[in-house]
Each structure stands twice: as structure tokens, then as C-alpha cells.
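J.: Listed below, chain by chain, are the residues.
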Amino acid sequence: MDEKRLSIAELRKRLAEKTGKGYWRSFNEIADTEEFREFLGQEFPSGAAYLDDPTGVTRRTFLKIMGASMALAGLTACTATNPEKIVPYVEAPEEVIPGEPLFYASAFPLAGYGMGVVVETHEGRPTKIEGNENHPASLGATDVFAQASILDLYDPDRTRQPERKGLMKTWADFVKELADAQASWGDGEGVRILTGAVTSPTFASQIQAFLETYPQAQWHQYEPAGRNAAHLGAQLAFGETVDVLYHFDKADVVLALDADFLSSGPTAVRYAKDFMARRRVAGKPEHAVEMNRLYVVEPYMSNTGVIADHRLPLRAVDVEHFTRALAQKLGLDVEGGDPEKYGEWLETLVADLEAHKGSSIVIPGDQQDPVVHALAYAINQALGNFGQTVTTIEPVETQPVDQIESLTQLVEDMQSGAVKSLIIFDGNPVYTAPADIPFNEALKQTPFSVYVGASLDETAVETLWYIPRSHYLETWGDVRAFDGVVTIMQPMIEPLYQSKSEYEVMAALLGEPNAAGHDIVKGYWQAHAQTDDFDKFWRVALNQGYLDGTQSPKKAVTASAAAVAKPFNNIASEEIEIVFRPSPSLWDGRFANNGWLQEVPNAITKLTWDNAAMMAPALAERLNLSDGDLIVLNYFDRSVEAPVLVLPGHADNSVTVHLGYGRHVAGNVGRDVGFNAYAIRMSHKPWQDTGVIFTYTGKTYPLARTQDHHLMEGRHLVVSGTLEEFKKHPEFVKEETEYEKISLYPEFAYRGNAWGMTVDLSACIGCNACVIACQAENNIPIVGKEEVMRSREMHWMRIDRYFIGDMDNPDVVYQPVMCQQCEGAPCEVVCPAAATVHSREGLNDMVYNRCIGTRYCENNCPYKVRHFNFFQYVDVDTPSLQLMRNPNVTVRSRGVMEKCTYCVQRINAARIRSKKENRPIRDGEVKTACQAVCPADAIVFGNIKDEQSQVAQLKASPLNYELLGELNVQPRTTYLARLKNPNPHLTEEV
Amino acid sequence: MSQIFHPSLNFIAKAMVLGIVILLVVGSVVSYVFVRSPYMRGTTIAREQPVFFSHEHHVGELGLDCRYCHVNVERSSFAGVPSTDICMGCHSQVWAKSPAIAPIKESMETGEPIAWNRVNNIPDYAFFNHSIHINKGIPCKECHGRVDKMGWTRKTQSLSMEWCLSCHRNREEHVVPREEVFNMEYELPKDPAEREALQAALVKKYHVDINQFQVTDCSVCHR
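Protein chains in written order, with our numbering: chain W, 1 to 990; chain B, 1 to 223.
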């Protein structure tokens, strides 16, 4: 491999030679090697190579397998069909109509914060999560984690019952031993509770009650990827802790300081909705066309950086320096910045911000140092944004403390033997604690330890007792959103196993081991709700999915830069830094056993089933490293082995690693996937620091990346431009993409609705929520790392990523691609079994039971959106997974082709509903799974024949174009060209 | 070297060639007919159930409406098999001591549901919706036959795709007035002209969309 690979310098040269706009997908593509051409030419890469695989199937086992499958094939014809059973209810529940789904409002909690959701249930089985349109953190959309949370509920690896030192026990056993332990607790001396971030009013009141019962007991908090820095920053700037909210719907100019506000954290969905509403061009009258402008300064290429009109790659440790320079330019009294260093970029930014006083936002990232937060607040203050685009509220968390300090204190006490009893609620601290806080060793000094956690993890095997925590869809609870709005969480299903919610465990600590979650939560609200008619209050709360008037009260504060006037960090520019970030797939590691999230390709790197040490091409070039090289990262005498991933656009002298991988104790899916970045994460600098040293091990590591999979023959299919270009010359997209339409095939007689879709490339933030929503809705299996490496991933939609321009700071376009539902579909004419045929409404129907697996259709599909079940990928035997399936979509077996259907089950449901009411299907009545979940409203679906429909109006936009228009396959899915709004003073950059 | 094959084998060889052709033809015809036979379709077998339940008695003799037990047939894809408490609605009083009722009583007492044997079954890859058929005036007996004359319930139609399509292609010929959907006795007018006029009027009244939407598209049932 080594001698064949081109040096980055050579790649750089080739890239410079490219003419035109220069779209590219990967280094392989620029290198254009013989192997890459072969890869492109093969429709089913390495499919035939199965037998050569040394670790795979040998000739002997192949014959064995063949023999077995022949025997089975013969036998199946002989089995008599046993009559199926129909098992009705004994007493039918009033509201359940078998066959019709029910929807309940609840909230998805992540790191303490809630997102309003509506859960689809079929006969009592939750099967799909949708956003709650009226909930402030959702507005109808959700993030990728909420979508995938349904799989966590049915995860076959969940623990069935409480365990004591690895032995199966019951709740009653625990209660008995707890009572014995509690007998010696006295006033609570030596009793500690450790939780993550807490916003739940009920849980908070329980903790309060506990601390009152045991006055000497202490409550510690540690959230591995929490908002600690923001709270500390608020302390610095305002002298007190507040939460800062940003109102992107009112902002014209936004500066993100290493803040991935569009796709990371509890606010992301709301912020993406608000932000994109100010950026939409298609479908608007010409005079109303305007866009906000986004500047981003960041080390890693985040999704927000992809959307940025101007992006400055900068080491994370330099963001403070940059912010100081900006503050100085804006006339703040701070030291340490060097405005000259950022030249015209900074000057243009400053001019833009000053021109938009009161309508701009400077947002610091949750993972940036507190000092950057404080400076950003002061800058917002100077720009007059407070009260306009930036507001401050009482903190949503019950007790925002410095969590690192809190954990350090706890561990010190544990080591000194002062802690007799420790009750841990979630968070997996053995795995997530910073490497210099020896939580695991300290735990051995604690005689009575209890862990209440979602799954059997590193902490569960170290504590004395492990109590499985009920999934949020199994339990009553309450949680607050980023702005404080409370949602009462209601269970969709009885706990599948002998698990307990954190409320129930807490009640046991308070002497009520048999209290039910429902009574605890309802009891709290009965005591605290300001209402005369509690029953009504309760019903309304559950029905709408949030409580009116529970926003955190506004709190007027004044930001001051006095506390941060002097620089905190003075770092030489040559030092290499290491940046820790929560994984966009696994967050802090809690989703490690979720196969959907493991397999979803990272938006920018297209990496699945792994994390990597991501670095800039320039750095890789200097260190002579390339993709897949195993290196040892050394930091403060601790080290971890990690594969290199060269990421165009990454800041130089900086390495980003994602947390959450490398779990040694997890279920069958997540065990030992990737490397554990917590192993080198230090408490004094949890997010970024310099001083990391690399050593190349000489080994390579296979990375399963989907970036070159399903390439459309190397043709470049995104069209992009600037707002200015568009205003001057609105037809530029048409001129680039219009072709003469010639066809050999006769016209098809369409009738009824004409389904179509538009995808707005300007809006797509690559958050992957649609990919997982599609997977949940359509019973799509995962295939595992080895199969992904063979290009066999089954996702019905993928998000293609194109780089434009140079590799040090390229422009990036995301392009979601699913079945384009061609009117002249090339797949249909080659199917020998008529398994894929056209419908009168324009759908390209896929009939699984007719498919014989020739794969001709996949071969003939220009968009490469068909996926073949090479093996029995769907687990049809595990009972818990059977509960999860959408009953309205066929579960496909081995040997069958599948692809996006435009969620035809949703179309059919809407059609039946409308026909029963004798009316046409309304615009917006059918929402595909990907459309419903999109926080950026990038996907619009509907009847293109109806001129009033949103999709028809978008298709009339001059930005509308067909993918591979020259083929004249007339796809029903079209794209809206990507527009950016760069500052004219800096345009040479873009 | 002498001949291996005796001349008389010529006849046998010819007969065999012909025989193979005949075997192929007969074989295909037989298998074509066989798979469509009532035996293979299962329309001849009345299926035994865990409870001695007779539609003939409940519908034919007592005149219960279908919807009394199949409560969701107008609202859902699934018509619904009655829950035990529906049975007990009457049988806590009527025939309460009869041994025939024992399994129902037992189910009520133990909370263990009754596992009925499915009579009409379509494959998992085909999706059928009762409510839309009922709403558009397709009578129960069109598919389920005269259940008011059945002791053990049996299948009366093949439920093959061919059979589904025969109706989906000519929807207007199967529509009856909505109020007669659950009436087992109802017959359409014998006179072809009268019948056609009635059905044409019903198609219009019920908005049976015979011109625009095609219910023969694959994705209507397969998804």
C-alpha cells in the first residue's frame, strides 16, 4: 500500500491542476490510482474476494455452508404451514385499536436536558420517535440520538435484573442490603450521591429530601460532556451562573467560536431550525431573498463549519487568542490579542459585526474554555446583543457546580476512606472520569457502592451493586429543556426487564422501596403545580408534552471582561494540541452499544465503527502519516493507540479525537470498538491542550469509511454558488444543469397524485438524523464493520460529502441521496422478475417478494441507491428486536434488493385516511421519515401536481436542478443548489 | 465391434422423447391446476378452534351484527378478533354454565388470552386494510363468504394475488350500498341494467376513485 500511495504534496499539486470549481470527494479520487479506478468500475466491490479473505471463509467451510443451505432450501418446501394464531386481548384497553398506531408525547433526555418527542406505538410497542412540534427544543424535529434511542430500549444486551458483584439478584435483595447499610448511615456522614447534570424537578426534590434526611451526606455531579465551561464562563463574566440563550431567528451575522451549535448539544435542533429559517432562499419572492451570514473559527471541521460562509481553521487553544483580538478590535479592555495576525479576515468580521449591532451573535462552543465564554459574553454585550439576540435566564440545571471540582473532591474523599456509601446515578464514571482522577481505584476503597445505569458497563462491574436503569420510554419522569420548559415523561411500555428508574431507586434510599415511578412524579407535581384542577393540569401536561409557563425566568446581568482581561493561555504556535470532543455518533460513550449509531457514517469523515486521530493534511504531511497509520498519542505520561485520519479543513498543528469509543465493558455491539480517548483526557484541560506527542507504530489499521462508496462514476453532482451570483444571475443553476431531453421510452400514463421531493443543499447540516430516522421507520438492518468495508451498508439514504477547492480550508457541500424515484427509471427495465415497477403516482415500487436477487437493477441505477441483502442482515430471531419493527414495512431477508420507497407506508396510510373522509390528501399530510426529522427543513415532500404545494413551489425555484440531468431519467427528487452568502470583502477566499 | 444399442431401442427412444414432452405438458397443467385447487388454497378445510364457536349460530340464528365482535373493522386495517370480555358480555349470563363456555371463563379468570387459529391469512409482505374496503361498500361476504352458514369457520376465497386483482381491476362490480355491507342476506339486483345503474351511482356516491388512482399498483399492497 505504502509505495502506491501518493504523498500529500503530490495530491496538493494535482488538486491545484484541477480546473473549474474543483469538487472532490476523497484523496483517493484526486490520486486517481489504478486501484481506485478498479474500485469505481466494480459495482459490488470486493464481492468476489470473499473466498480470498484469509480471515473469512475457506473453501472447506464454503462447501459446508453451501451444503447446509442446499439442504435447507430443499427442506423448506416440505414444511406444512402451521396455522398462525390470533391472540386477542382478554380485556381490550379502551384506546388501543389493533392495527392503528397511537402517539404519545414525552421527552428524550440527554445529559440532563430534554427534547420533546412524540412516540409512535403499535399495540403498546414504541416503534418510532418523532419531534414534538410545540416543544421549544424540538419544533417537530429531533437529533440523531433521539432517533436511535428506540434501539437502546430493545437492545438485546440489556441487563435483565439487579446484580451484586456479578451475581443475579432481585430488587428485594437489594432493598434488604440497603436497609442494613442505611442502619449505620446516621446523619449521612460518608454517604455520597453522584449524578450527571440534573434538571428534573422531581429528582432534584428527591435529592433535596435525601440531603435533609442525611444532612452530612453530599451530592456530587459529573457530566462527561456537559456544559461546565459555559457555566464557569458565566461566572467569570457575570459573577453568577446563568444560562445564555441565543435567538438565531433574529440574527443577521453570527460568529461561532469553536461552536458546533447546529448539530451538537441540547440546543442544536432548535438553533438549526431558527438559523436555517433565516437562510432559506428557494421559494421566496425575488425581492425578499436574503441570507444571514456565518463566520466560524474552529479546529475540527464541524457541521457548523461546513455551513459557514467564512471559516477560519484555528487550533482550539488559539480561539482564546482570536477572541481577544476580536474584543480588542471592538474596543474592549482586554490584553493578549494580536489583531494583526488575523488580518483582513478579522477586520471584515469586525466591520460586519459592528454594522449589525443588536442583530448579531457571537456564540462560544460548550467545549471551549470558560475564558472564551466570558469574552464572548462581553463581546455580545459590547455589540448590544443582550436583550435582542442573546438573553440570559436562571440556570436550567438544578445546581450547576464545577463538575470537575465536584468529581475531584469525591474521589479524594473516597481515597482517604471518608466515603462509606456511594450511590452513582448513570454517567459511567469509571470509564468517563478524566485519566488523572483515579475513580476506579478509589471505588475499591468504598465498601458500599451502588450503580444505577442503563447498561452493564465499566462502572457496573466495579460497584458492589448494579441496578439496571429503566429506559426513558419505560418510565415516568420529568426533565427540563434548554430553556427550562418542563416535560412530564410518560412510559410507552412496562419495563421489559427488572429495571428501576432513578426516581424509584432514590425513593428506596428515602425508605420507600416500593414506590412506583408514576406516584413519585405525580406526587411531586400534585404538591408543586399551581392549579386548582390538578386532573386537568396533568392531562394537558401529558397530552401536549410540556408544561406551560415553566421557562426559566429571565435574569438581567451585565457582562464584564474585567476578570478575563489578562490572557489565560500563552501557547507557542508550533506546539501540537489535542482536542477532545463528544462523538457526533456516540456522544460521551453512552450510545456505544447502539448499532445504528455505530454504523452511521460521520458526516465529514464518513468513518463508521471507529474513531480516529483527525489531523490536517499539512500536519500529516510533515509527520509523514496517512490514513489508517497507527500512532501512539502520548500526553502527560498516558498514552493510547489511535489510527490517523487526514481531514481536509482541519486546523494545522491540531489533532481531534472523539470520546465515547474504546469501551471494554459493553454489549456485543460496542465492546472494544475504536480507542478510548478518555485514557489521555486530563481534568485540568478536559477539552483541549497542547503537549501531545506522537509516535508512529509502523502498523496500519483498517478504517471503514463510506466516502468512496456508491460513487456516481466520479461525476460531480452538486451545484453551488453565492447569494450575490444568484441575485445577479438567477438562472445560473439552470444553465449548468439543463440538457436536451431525449428518450426512447414511451410516455407513462400518470394518474392521481404525483409524489416528488426537493432537498435544499443550502440547508443540509449533515446531522445524520434523517439517516437514522429512515433506518428506524423502514426496518433497515446494520451490517457491521467488515461489511461496510465491502460497501454493503444498507442505509437507504446516504449523505454524500463533496469538498471544493484546496485541502487546507475547503468548502464542503453535503448532499443527501436516496432513491430519486425516476420517471424513466433505468432499474425497472432491466429487472427480469418485474420486481421493481412503476406506480401511477410516480413511485418506483419495490416488490420484495418478487425479487430474485439478480442485482441488475443496482447495476443500472445511475444514483447507486439500491442496496442488496448479501446475507441475512436482519435479526429476525431475537424477541426484543421483533418488538421494535415497524409493522407496516416488510422485513427483508437475504437475497433481496431494497431501496427508499418515499415512505410508501405513510403515503398509503394518508391515502386511506383521506379516502375515508372523501377528500384529497392535504399538502404536508404525508411527511417522509427523513423530512419529519430534519432540523433544517432541508427535505420537502408532496404532490408536485398541486401547484400550491410547498414542494411544487420549491421545484419552480431557479435553484432547482436534477441530479445527472443529462441522463433524462426524470427523477422525482430534485435538489436546490447550495448558496452561500460570503462577505464581498473576502470573496477571494470562497 | 458390435452395436451397443439394439435397433428396437429406436422405438423406445422415440417414445421417451415424446414421453418427456407429454410429461412436461401434463406436469405443468397438473401443477397449474393443483396449486389453484381448493385443497391447496385451503378453502375446503374448516379449521378447529380452541372454543366451540359457531358463526352459524351467532350470525345466522341470533342475527348478531359483525361489528359486535369485530369492533375495529370500520376503523383499522385489522378487523379485530373479540377480546374475552366481549364474549363474557353475554356469556356471563347466557349459557354461563355450559362446558362450551369453559375456555372463555378460564381465560377471563386467568388473564390468559385465547389463541384462535387464523383462518384467513395473507403473507406478511402483503398489507390489507379492512376499514377502507368497508368504507367503500365492499361487503364482508365478498371475501369471507356466508359465515352465517358456517359452523367452524373456513376460508371461502383463495386470497391469492390473482383473486385480489380480479376485484381491484373491476372495483365498480363489487360495490354494494354501505348499509348492506354487513348484511349476509343482501343480494344485488338480478337485472344487469338495474345492477349496473345502482353500482354506478354508488361508485359516485362513495367517491370510489376508479379513474384516477390505480389500486393495481404494487405499492398499494406491498411495501
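FYI, nobody ran anything at the bench for these hints, they're computed from the structure.
Hints are supplied without guarantee of correctness; some may be wrong.
[Claimed, not checked] Each computed DSBU-like pair below joins lysine-lysine, with the alpha-carbon atoms no more than 30 Å apart: (1) W/K916 x B/K105; (2) W/K357 x W/K85; (3) B/K136 x W/K927; (4) B/K136 x W/K916; (5) W/K13 x W/K699; (6) W/K945 x B/K190; (7) B/K97 x W/K85; (8) B/K205 x W/K916; (9) B/K105 x W/K85; (10) B/K136 x W/K915; (11) B/K97 x W/K916; (12) W/K945 x B/K141; (13) W/K915 x B/K204; (14) B/K149 x W/K85; (15) W/K250 x W/K927; (16) W/K420 x W/K165; (17) W/K915 x B/K141; (18) B/K97 x B/K149; (19) W/K727 x W/K284; (20) B/K141 x W/K85; (21) W/K945 x B/K204.
In this text the structure is predicted, and so the values were computed from the model without any measurement.
J.: Go through the numbered hints given earlier and state which of them the structure violates, listing their numbers in rising order.
T.: Hint check: 1, 2, 6, 11 and 12 fail, others pass.
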